[in-house]
Amino acid sequence: MKITKAEVEHVARLARLELTEQEVETFTGQMDAILAYVDKLNGLETAGIIPTAHAVPMENAFRQDEVAPSIGIDNALANAPDRADNFFRVPKVIE
Amino acid sequence: MKYQAVIGLEVHVQLLTNTKIFCGCSTKFGATPNSQTCPVCLGMPGALPVLNKKVVEYAIRAGLATNCGIAPKSVFARKNYFYPDLPKGYQISQYELPICLSGHLDIEVDGDVKRIGITRIHMEEDAGKLVHADVPGAGDASCVDLNRACTPLLEIVSEPDIRSADEAVAYLKKLHQIVVYLGICDGNMEEGSFRCDANVSVMPVGSDTFGTRTETKNVNSFRFVKQAIEYEIERQIDLIEEGGKVIQETRLFDPNTGVTRSMRGKEEAHDYRYFPDPDLVPLVISNDWVEDVRLSLPELPEAKFRRYQDELGLTAYDAEVLTADRLLARYFESCVALAPQQVKTVANWVMGEVARKLNDEGKGIADCPVTPQLLNALLKLMEAGTISGKIAKTVFDEMWSTGKEPAAIVEEKGLVQVSDTGEIERIIDEVMAANQGQVNEFRSGKEKVFGFFVGQVMRASKGKANPALVNEILLKKLRG
Chain A
214 MKITKAEVEH VARLARLELT EQEVETFTGQ MDAILAYVDK LNGLETAGII
264 PTAHAVPMEN AFRQDEVAPS IGIDNALANA PDRADNFFRV PKVIE
Chain B
9 MKYQAVIGLE VHVQLLTNTK IFCGCSTKFG ATPNSQTCPV CLGMPGALPV
59 LNKKVVEYAI RAGLATNCGI APKSVFARKN YFYPDLPKGY QISQYELPIC
109 LSGHLDIEVD GDVKRIGITR IHMEEDAGKL VHADVPGAGD ASCVDLNRAC
159 TPLLEIVSEP DIRSADEAVA YLKKLHQIVV YLGICDGNME EGSFRCDANV
209 SVMPVGSDTF GTRTETKNVN SFRFVKQAIE YEIERQIDLI EEGGKVIQET
259 RLFDPNTGVT RSMRGKEEAH DYRYFPDPDL VPLVISNDWV EDVRLSLPEL
309 PEAKFRRYQD ELGLTAYDAE VLTADRLLAR YFESCVALAP QQVKTVANWV
359 MGEVARKLND EGKGIADCPV TPQLLNALLK LMEAGTISGK IAKTVFDEMW
409 STGKEPAAIV EEKGLVQVSD TGEIERIIDE VMAANQGQVN EFRSGKEKVF
459 GFFVGQVMRA SKGKANPALV NEILLKKLRG
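The listed protein sequences derive, respectively, from chains A and B.
Note that the first sequence ends on residue 308 in my numbering; no numbers are left out.
Note that the second sequence ends on residue 488 in my numbering; no numbers are left out.
Fair warning: there could be bad hints in the mix.
Below, computed lysine-lysine pairings styled on DSBU-like, alpha-carbon distance capped at 35 Å [as the list claims (entries may be wrong)]:
| id | chain 1 | residue 1 | chain 2 | residue 2 |
| --- | --- | --- | --- | --- |
| 1 | A | Lys-218 | B | Lys-371 |
| 2 | B | Lys-10 | B | Lys-137 |
| 3 | A | Lys-215 | B | Lys-96 |
| 4 | B | Lys-225 | A | Lys-305 |
| 5 | B | Lys-456 | B | Lys-412 |
No lab work stands behind these hints: they were computed from the structure.
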């Protein structure tokens, strides 16, 4: 097994996802299969290769510090499930 | 048992750029909620962040000014956590390869100089702002404003070299002064432009194993930092003495009560699962770039402090007061440039009358109505003997409220110093005639009454008599 039920539950909790017992079972199985597939990469010989996080060999993409127009409040909030005045309205957050 | 505190500080410095770190939205404070947003800072799928070059330049400035090495190659990483103020579900930050490493600052506490190591400085984006009250139609919900999301920050992490709340405050003040001098941060702690998280632990004196630490979040004034750290040290010692154990946790300081309290429930969120951000290509900084930035650095407070003593001949105290604020130092230097022979007089006026008026009116030097040119014109009038030092203060107050040229004020109010010896003698004779008793006292050896006569003469001349002449003539006449 590449992943346990406990790990799936932990990751779900970090992502604030509520999963049913059945979903935990299903996802554990699916994620295990995915990880097993990706694990095939470990069979490659990579001793002489520098680790990279990028698909293109590029560096230093910059923009200048110049203001560009924003998209406007209504556009910003257009996809929000809920709004109040000019804000995104979300379930109460208690610190 | 005796305990020793061990403190490390994480400081978030909001950078003074026009735009956000990864998009062109404005960073201007106080705009209508969500009006400064775009697909990048809203975290829309498919949006591509592009690094603001100015942020890199500012990070290099901060690194050089704190004696850090600038990494030839650094990488942005995703810090994953879920919270409503973070639309993407991750914060773009730097993790394994930050832009600056291994610096230090020297601080002074009670006359002892101590070196505080700086582990690293990295660039990251700020989160949005949660509002819990006063929004029409919000009801019992929370509201999110993403104007601040993606605002550029530097996080400056110290080594756990700090041993007391006073050292922590000294370090913070020094760092604050530097970032303001560098022009990379406005230093406004109330608006959150410079904020501090304090990692505090305690261990028995003599031990070399650190205790379990707590992290106190977002302490937003120097005074609160001192209070929060002192409270936390005491709390941990009490806990251990009672047989308890400090647990590693995040705590929040409440400025109203002066205590820290646990932010339970956030613990699990510390599993951030960092990984390199594939949207942002590696940052490669050449030596030439670093050297260009080094050449553009302004004179830093420490160097200025030394120069004011070595070249201008000021005392350490004067040098410290005048260099504390970058703009005050600039004002002082403008004044000195106009009157290079009168450094000490200029220093006294800037620290005296100018500072007093600013303080009275709660203003900063940027709002000082008396320009260096006006102050210089006033000093020239004093130097030429046109007005006395005492009258100069009256003229100064008048310049402050009207902005008029000092010569015009002197003319208008008839404040020209009386240096006519005949006139002064006449006044002295009158004063002596009216105070025969004191004259006799003086002549019988009670020379202390001399001050009384000077006061009377100055009053009779409405402060305009030349004090040096008054002293001279008065003494001659009293001795008969």
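Violated hints, by number in ascending order, as checked against the structure: 1, 2, 5
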